[in-house]
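> Given next are the chains, with one letter for each unit.
There are 2 protein chains.
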Amino acid sequence: MSSLLEQLIDAFRVLPGVGQKSAQRMAYHVLEREREGGLRLSQALAEAVEKVGHCVRCRDFSETEVCATCASASRDAHLLCAVESPADRLAIEQATGYRGLYFVLQGRLSPLDGIGPRELGLDILGARLAEGEVQELIIATNPTVEGEATAHYLSQLARGHGVKPSRLAHGLPLGGELEYVDRGTLSHAFGSRAEIRD
Amino acid sequence: MSSLLEQLIDAFRVLPGVGQKSAQRMAYHVLEREREGGLRLSQALAEAVEKVGHCVRCRDFSETEVCATCASASRDAHLLCAVESPADRLAIEQATGYRGLYFVLQGRLSPLDGIGPRELGLDILGARLAEGEVQELIIATNPTVEGEATAHYLSQLARGHGVKPSRLAHGLPLGGELEYVDRGTLSHAFGSRAEIRD
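Quick note, the sequences are listed as chains A and B, same order.
Sequential numbering of the first sequence, starting at 1, is according to full-length UniProt numbering.
Sequential numbering of the second sequence, starting at 1, is according to full-length UniProt numbering.
Keep in mind that the hints are not guaranteed to be accurate.
All copies of an identical chain are treated as equivalent in the list; a pair is satisfied when it fits inside any one copy or across any two copies.
To be verified - 16 Å max Cα-Cα, derived EDC-like pairs, lysine to aspartate or glutamate: (1) LYS21 x ASP88; (2) LYS164 x ASP10; (3) LYS164 x GLU50; (4) LYS21 x ASP113; (5) LYS51 x GLU32; (6) LYS164 x GLU136.
These are calculated hints, taken from the structure and not from any lab test.
Model the full structure from these sequences, guided by the hints.
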């Protein structure tokens, strides 16, 4: 087999859920039928890896210092929604009519893996809440053990700054991943978020 | 969402079996955890698309005019195995101890799709058989209707040049459950049963 082809198959295995067989199939597919698409993918990868960083306000992926959502004048700055990942943020944006802002934790509290408040940018979030503009912190971490622990921590943080914390309604299947929930369920849960009381 | 990110997600959809959700997952995975691997993939794609062509002898993918297998002195040039695709060739190479050469059809006869003998390079194959070195043409097309039609055509071609055609054995897959084998296979395997000898 051509060594460039071997390198390509090997390189495809970096993608999630792609093993040897799928990688072979992808490489052959590109070379047999999609050389143009392959080049486009090559360029898109190089550009994105080089230019996509994080928004300094919300920590979501962004090509600019402040992302388009954070910079938008038409979003409601009184509402802030904390999510674990950019994919979760996208899922909420696509499924609901939410017009507030986001904060992307890029993870969840997991002391055993060395992921504490600092790694999740909670110092930035605390400063943001202290500014006084945010009135409600919508906590949309995943309904997993670590996600719930993170939600608890965030609700305490919000209360400490006089901000009302709320949590997505539990219509979400327990143990599931927010990114893969169907839109109807996600939209319903988002709409039924409840204030967290002591 | 960042437009470079949107472009990347869109570009991933060129891969086989990758829809919107998987493409999102791949893009986020690369940006979150595998930027280096993403760059490697970008380079491997660009290089392979640019430099991998087809071997003039066997029509398999190759960076050189004649591929390493065809150029190898240690392969048995009396045996030629015809397969539909580079993936099939690789499967045989990995699974068997075959030491002969290959011919990759890059398809199968399908008159309705405009794929005839010329598209499969059967003129090249005919010239190859006419050289007189090949003694057996092992026909390893898929056991589908079109694959069988192609096999029939190839066996006629081989006989016309005084070359012995052979076909991969059909029957029960090893490790399979007889109860779950499809009727065609079971019927064929039953009809082609072989006597057990000591």
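> None of the hints should be skipped; say for each whether it holds.
Hints, verified against the model:
1. LYS21 x ASP88: Between copies, since 12 Å is at most 16 Å while 29 Å is not.
2. LYS164 x ASP10: neither (49 Å within a copy, 38 Å between copies)
3. LYS164 x GLU50: The answer is neither: 38 Å in one copy and 57 Å across copies each exceed 16 Å.
4. LYS21 x ASP113: Cα proximity of LYS21 and ASP113: none, with 32 Å in one copy and 27 Å across.
5. LYS51 x GLU32: between (30 Å within a copy, 13 Å between copies)
6. LYS164 x GLU136: within (5 Å within a copy, 80 Å between copies)
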